[in-house]
Amino acid sequence: MEFLAAIKRHKWRYLAFLGGFALFVYPSALLIRAAFFLQGSTAMPDLHKTCFRMPFDWLATGNFATFEDRFLLIGFLGAVLGTSFLFGPLFCGWLCPVGSFTEMANKPVPRKMKIDLTRKINPAALRYGFLASFVLVSALAAFAPSLGLAGICCRYCASSQLQNLVNGIFNPSALSYWHSGGIMVIGGWLLIGGIFWKGGRGWCLYGCPLGAVSNALHTIGSRLGFTYKVKHVSTNCVQCGKCEQACPSWSITRKEKEVNINRSTCTTCLECVKVCGQKCLTYARGKLHAN
Amino acid sequence: MKSGNTNVKRAVYSIVAAAFLSVLVFGSGLYAKSTLNPTELSHFFVPFPAGMVMKPMTVDNPAGGSIFVRPIVINVDQRGILKRLFNPGVEGLSTHWLDNIDTVPHRIGMKFTNINVEVEWDVHAGIPWDPETRTFEVPIGPGERVPDLGVDWLFFFPPEVMAQDVWYDGSLIVYDADTDETLTTIPIKFQKSTAASDSGRPKSSY
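So the sequence lines, in the order shown, correspond to chains B and E.
Following the numbering used here, the numbering of the first sequence begins with 1 at its first residue and continues without gaps.
Following the numbering used here, the numbering of the second sequence begins with 292 at its first residue and continues without gaps.
It is worth saying that the hints were derived from the structure and are not from the lab.
All of these numbers come straight from a predicted model, not from anything done at the bench.
Yeah, the Cβ is synthetic: ideal placement off N, Cα and C, and Gly gets one too.
Every clue listed holds true.
Label pairs and their calculated CB-CB ranges:
1) E:ASP421 <-> B:ILE7: 41 to 47 Å
2) B:PHE67 <-> E:ASP368: 35 to 41 Å
3) B:LEU15 <-> E:THR424: 42 to 48 Å
4) B:SER146 <-> E:ASN352: 23 to 29 Å
5) E:PHE447 <-> B:ILE7: 39 to 45 Å
6) B:LEU30 <-> E:PRO433: 33 to 39 Å
Okay, chain B solo, but in the shape it has when bound (with noise of 0.2 Å):
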């Protein structure tokens, strides 16, 4: 089974996945369990305290005061950024529960039934395109009220759909309420955007903005030399396009005897370099381009 191979292959990224679960899902979601054992607080610790949405309505609606005791968030939030420019967005390729859970769903779907644009178009577009759009329906949502527009922040939330799925398997209570935008995500997010999209990262792409901008940074980053990236060295490349098939985010694409590897939309997975068996693709700092 090749999603066997692959999962054995990187086994430490697969086994990340487990931990994102662990340190971000409820029942366990530690992470989460710790900070609210420091502040003493009983709240839920569920993987809505990490919101990947809520930062950026607020900054685009103004609402900054609601960012006074959110501690916990904060520092996710600059943890994800910081290190999404120093090394990449680590988070999202490794330990992400909602994008890892839609890529291993992914995993066993015969190629032929995904979806596949890889080389028709540019995934940044989708990515950005989506950021733009979440933040001007924010602050359209917030300042010209006559518009009729609400913000699609947490009506359209996959993390509350991935909690509830989570919660379902402990308490099946859980799964008795359906409202029609978490339908509408189901769809978006877990079968077309994951368990039909090639790689099962599509909600990566046009429904996540902490996405969006980790990629942003990385891009920014990505330029400068004291920072890590993944790199391609031509030299041994043999055109096999095994790193093109292997990218769970569409962010690699093959022409003529380049590898072009899109930083907006580069998860820094290394399902690429640990597929390339010419050693042409490395994970380190140095140059963008390392010939």
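Fit chain E to the given chain B structure using the hints.
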């Protein structure tokens, strides 16, 4: 030349994809505002004491600003089509905002009146909550809000209730658990379009 054409095509497709996504995001925002937010898992503010909330109003918050509070009227026929198709018999209400606008602390409890169906309470907060008595175990100071609050109330409507015009007509009462004094009463109604209304066709409040 072929490579150039491919690049142009890719750029055009990318712009079309981004535009399509933008339309989808704006459409989702419109749909949320017009349909989903007022009718499905509607969120509302609960200041106390606010008395009987007979109509939408704002109350002053000693912590600054004002708080909007309203009776909750859900027109179940206005819910999203996916909700009506896949999960019509369960409806929810939610709040994250229990604010003490008084000058003295209150240890609060909550209850529904005129309950005719099963209601599931899902309450999580940054202070201890007693699910048996449905009261918080510590008081909320003047101008303070229950920290990290998430309350979902799920109403399970059996077919015989769903066949009626009005599915539930009652209220949420917020009271002082130490004195039993009623602080805020928010009327809550789940009804169909066909239900009688003083103002013609009933609309969901939001």
